[in-house]
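Chain residues, written in single-letter form:
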Amino acid sequence: SAVISQKPSRDICQRGTSLTIQCQVDSQVTMMFWYRQQPGQSLTLIATANQGSEATYESGFVIDKFPISRPNLTFSTLTVSNLSPEDSSIYLCSPLGQGANTQYFGPGTRLTVL
Amino acid sequence: AQSVTQPDIHITVSEGASLELRCNYSYGATPYLFWYVQSPGQGLQLLLKYFSGDTLVQGIKGFEAEFKRSQSSFNLRKPSVHWSDAAEYFCAVGVVTGGFKTIFGAGTRLFVKA
Chain B
1 SAVISQKPSR
11 DICQRGTSLT
21 IQCQVDSQVT
31 MMFWYRQQPG
41 QSLTLIATAN
51 QGSEATYESG
61 FVIDKFPISR
71 PNLTFSTLTV
81 SNLSPEDSSI
91 YLCSPLGQGA
101 NTQYFGPGTR
111 LTVL
Chain L
1 AQSVTQPDIH
11 ITVSEGASLE
21 LRCNYSYGAT
31 PYLFWYVQSP
41 GQGLQLLLKY
51 FSGDTLVQGI
61 KGFEAEFKRS
71 QSSFNLRKPS
81 VHWSDAAEYF
91 CAVGVVTGGF
101 KTIFGAGTRL
111 FVKA
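Residue numbers (the numbering used here), protein chains in the order written: chain B, 1 to 114; chain L, 1 to 114.
There could be a bad hint or two in this list.
As the list claims (entries may be wrong) - Residues from chain B shown here face chain L by an in silico Cβ test under 7 Å; the list is partial:
1. S42
2. G60
3. V62
4. F66
5. G99
6. T102
7. Q103
8. T112
No lab work stands behind these hints: they were computed from the structure. A quick note: this is a predicted structure, and the numbers were derived from the prediction, not measured. Idealized CB from N, CA, C, for every residue including glycine.
Make a model of the complete structure from these sequences and hints.
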């Protein structure tokens with residue numbers, strides 16, 4: 001499986017600010033998934049990003065709140081905007097290669113909003 | 001709609017005892033099925049997966065799972081639990097709907113007592 005890294009690993013932010021999370025993969029991948037894991041909860045898919053096209057968002061998630069960039073096949077960013085304490089979660093990226101059907105996950109970014 | 005149900009929020013077993021974690025899924029086609037483990041403060045690690053063929057699949061760390069189509073189940077088992085197995089376990093189904101994505105169950109937290 002690919003080596004996946006995320007930055008930052010954790011952060012504490014003030015409400016109303018934004019945090020951009022970076023996800024780097026050591027090989028080219030077709031799709032990049034972004035998930036949220038709220039405290040004590042399971043993983044919820046936020047959006048799916050393909051290179052060169054706009055991300056596809058799941059129900060309940062909008063681009064204004066969670067803008068995603070996918071400038072190339074090895075990198076993606078997720079921004080969590082206008083932060084509120086409810087955004088305190090772990091955010092995970094998960095790349096998927098062409099024709100693949102198994103998702104692996106980055107180490108996650110633990111966000112705390114005060 | 002596709003969904004995954006893990007009926008047990010938490011389970012406690014004694015070290016050395018056997019373990020079975022239950023998982024049921026809802027998906028109209030042949031599913032891709034996964035079990036992931038998340039240790040405290042750690043990322044998600046793939047334990048095993050089922051795509052087709054032998055319905056009993058072996059995974060890492062001595063885990064196995066059995067796919068039963070008639071029961072829409074994919075239960076995870078281990079014959080003898082070790083204290084280090086204490087973690088959160090997620091069952092997941094991979095779905096193909098204009099692309100591939102993975103949907104997670106709510107998770108089962110395993111406690112191991114000495």
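How the hints compare with the structure:
1. With a least beta-carbon distance of about 5 Å to chain L, the hint placing S42/B at the interface is held under the 7 Å criterion.
2. With its C-beta approaching chain L no nearer than about 14 Å, G60/B sits outside the 7 Å limit, and its interface hint is violated.
3. A cut of 7 Å between beta carbons decides the hint on V62/B: the least distance to chain L is about 18 Å, and the hint is violated.
4. At about 16 Å, the closest approach between the beta carbon of F66/B and any beta carbon in chain L exceeds 7 Å, and the interface hint on this residue is violated.
5. This hint is violated: G99/B has a C-beta 9 Å from the nearest C-beta of chain L, more than the 7 Å allowed.
6. Hint status for T102/B: holds, given a least beta-carbon distance of 6 Å to chain L, under 7 Å.
7. For the restraint placing Q103/B at the interface with chain L, the shortest Cβ-Cβ distance is roughly 5 Å, inside the 7 Å limit, so the hint holds.
8. Against a cut-off of 7 Å between C-beta atoms, the interface hint on T112/B is violated, since the closest Cβ of chain L lies about 14 Å away.
Of the numbered hints listed earlier, those contradicted by the structure are 2, 3, 4, 5 and 8.
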